[in-house]
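Participant: The primary structure of each chain is shown beneath.
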Amino acid sequence: MKDSQAILGLMVATVIFAPFILKLTLVFWIMNLAVVYSILVLSWIIMNKYTGYTSFAHSFPFGISAYLFALYGFLSIPVSCFISFVIFLILSKLNKEKFVFSTFILAIVFWMAVPYLTFNYDNIVVGGEEGLSLKSLPLMDSYLLSSSFLITSLFLLLFLEKTRVGLYLLAVGNDEVAAMGLGLNVNLIKSVCFVISSLIAVFSGVFYAVFFGHVSPDVFSVEVSLFPFIATILGQSYPVSVLISFALILSTRASVLVKYHLLLYASLLVVFPKLRRYAIARGAKFI
Amino acid sequence: MYTLGAYVAYLLSKDVITAIIVSGLVGFTAGIVLRYLIKFLSKNTIEATIVSLGFGISIEEILRMSLQTSYFLVVEVKETFLNIFGEKISILQLTQAGISLLFFILLFALFKSNYGLKLKFIEEDLELAELYGVDADKYIFSVITVTSFLISVSGCLLSTTQALSPLMGFPILICGIIVAALAVIFGGIGARLHINSILVSVTYSLLAGIVL
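So the protein lines, in turn, are chains L and G.
By the working numbering, the letter at position 159 of the first sequence is numbered 159, and the numbering carries on one by one without gaps.
By the working numbering, the letter at position 44 of the second sequence is numbered 44, and the numbering carries on one by one without gaps.
No lab work stands behind these hints, which were simulated from the structure alone.
Just so you know, these numbers come straight off a predicted model, no measurement behind them.
By construction, the Cβ of each residue, glycine as well, lies at the ideal position given by its N, Cα and C atoms.
Hints may contain errors.
[Stated by the list, open to error] Ranges between beta-carbon positions, derived for each pair:
{"#": "1", "chain 1": "L", "residue 1": "256", "chain 2": "G", "residue 2": "120", "range": "45 to 53 Å"}
{"#": "2", "chain 1": "G", "residue 1": "96", "chain 2": "L", "residue 2": "140", "range": "57 to 65 Å"}
{"#": "3", "chain 1": "G", "residue 1": "202", "chain 2": "L", "residue 2": "251", "range": "46 to 54 Å"}
{"#": "4", "chain 1": "L", "residue 1": "255", "chain 2": "G", "residue 2": "124", "range": "31 to 39 Å"}
{"#": "5", "chain 1": "L", "residue 1": "255", "chain 2": "G", "residue 2": "32", "range": "27 to 35 Å"}
{"#": "6", "chain 1": "L", "residue 1": "13", "chain 2": "G", "residue 2": "177", "range": "41 to 49 Å"}
[What the hints assert, rightly or not] Taking lysine to aspartate or glutamate and the EDC-like style, the derived pairs with C-alpha atoms no more than 16 Å apart in a straight line are:
{"#": "7", "chain 1": "G", "residue 1": "138", "chain 2": "G", "residue 2": "127"}
{"#": "8", "chain 1": "L", "residue 1": "259", "chain 2": "L", "residue 2": "223"}
{"#": "9", "chain 1": "G", "residue 1": "39", "chain 2": "G", "residue 2": "137"}
{"#": "10", "chain 1": "L", "residue 1": "23", "chain 2": "L", "residue 2": "141"}
{"#": "11", "chain 1": "L", "residue 1": "259", "chain 2": "G", "residue 2": "61"}
{"#": "12", "chain 1": "L", "residue 1": "96", "chain 2": "G", "residue 2": "47"}
{"#": "13", "chain 1": "G", "residue 1": "43", "chain 2": "G", "residue 2": "61"}
{"#": "14", "chain 1": "G", "residue 1": "43", "chain 2": "L", "residue 2": "97"}
{"#": "15", "chain 1": "L", "residue 1": "274", "chain 2": "G", "residue 2": "47"}
{"#": "16", "chain 1": "L", "residue 1": "98", "chain 2": "G", "residue 2": "47"}
[Stated by the list, open to error] Stretch-level coverage of chain G by chain L, calculated; a stretch enters the list once three of its residues show a Cβ under 8 Å from a Cβ in chain L:
{"#": "17", "region": "32-45"}
{"#": "18", "region": "48-54"}
{"#": "19", "region": "162-174"}
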């Protein structure tokens, strides 16, 4: 199982290097988007796999970091991470079912509220429905930055699963009470997972901002909040989920599906219980 | 379903009565589809919620793809006004108030009936209700279809008060969840829960109106 994960990890690395061979701007652009979303997916898996909480509010650290980065630069990283961590920690005091609903409400509330948010910047009102602009990085630099982060995080997480700490995390994710019985400090482990998950999601938001050079209220959209869940529909293996994220972004941004991608996501949500059970039954060795 | 009802009102805005009937039927049909999707695909509350969320987004996306423009206004309804205690109130507003009142009366009557008692039993303990021979599936089916019918009709009735867009259902969803959550905090099941819901939703609307 572990070897198959490493092989899949190498496959991800190969896919990430493909644009350097093709050298097409459009391929770089779409792959950059896929890499940013994949980082968000990794952050989501960390929370779901090691704490057992299903979040629909990962659009929050993603969006708030992108907005704050456009306004205050790198200071946004610790600030957004701290705010997101506190919010996830407070919501986790509810039970796991209520956490799903409350995070979804949070995501929708922010999505609805952010278009009303304006900032006075050098006597010019910015924000609102148009969002904020910032200086973007050249496409190649942006891609190198985000893809390096993705590959590093992916292999670090795969390595983590082989360590004793990784086993502790899995134990908490699978059964909190049993983990507590084994003498693990469950609250501390959950808090650490929330911090790591928030931090990685914050980085994905920052990469999104420097890639596009513009941040609009759509960074909080229901599409962003649902994407990690859809990408992990076949399980929570890091490389498989990253490959699915690539497949989803490539198929919906580089084809006729571009207008229909939300309908595709919605259809996947409808059939997700069957898909997940099928995946667990048939492909257990990969997921 | 709310968005669906509002769009039916837009498409059939020349005839208000037909729009209300059609929106109700469309909501009822969508409710049947949703019930079967939940029944055959999901096995617990979270799965059912996610399936219904996917179904709701699908409806919105189909509306967005088929009607393209972002915002619509229902303007063809002829407004007739009545002077009641010095206040100018439209017939449409009176119809909305009348239907709401009728709905609440029916709801309270329902909880006094045999059907309502069985609903309360299912609400309290599903497994126990099934052990006592209550056909929970039949009751869940009726609740989903009837609520879909009602929310679609309410979308139709309130369509004149706001701009229509595929995303117009989300604020209603949030308000609904907040009101339901607060009503649950105040406690009660059956009719008492609904009285709490009405009180909370009226307070919420007044506060939202004053603050915003």
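Participant: Work down the list of hints and note, for each, if the structure agrees.
Facilitator: Results for each hint:
no., hint, in the structure
1, L:256 to G:120: 45 to 53 Å, "51 Å, holds"
2, G:96 to L:140: 57 to 65 Å, "58 Å, holds"
3, G:202 to L:251: 46 to 54 Å, "47 Å, holds"
4, L:255 to G:124: 31 to 39 Å, "50 Å, violated"
5, L:255 to G:32: 27 to 35 Å, "33 Å, holds"
6, L:13 to G:177: 41 to 49 Å, "42 Å, holds"
7, G:138 to G:127, "14 Å, holds"
8, L:259 to L:223, "13 Å, holds"
9, G:39 to G:137, "9 Å, holds"
10, L:23 to L:141, "14 Å, holds"
11, L:259 to G:61, "10 Å, holds"
12, L:96 to G:47, "13 Å, holds"
13, G:43 to G:61, "26 Å, violated"
14, G:43 to L:97, "14 Å, holds"
15, L:274 to G:47, "10 Å, holds"
16, L:98 to G:47, "13 Å, holds"
17, 32-45, "holds (count 5)"
18, 48-54, "holds (count 5)"
19, 162-174, "holds (count 4)"
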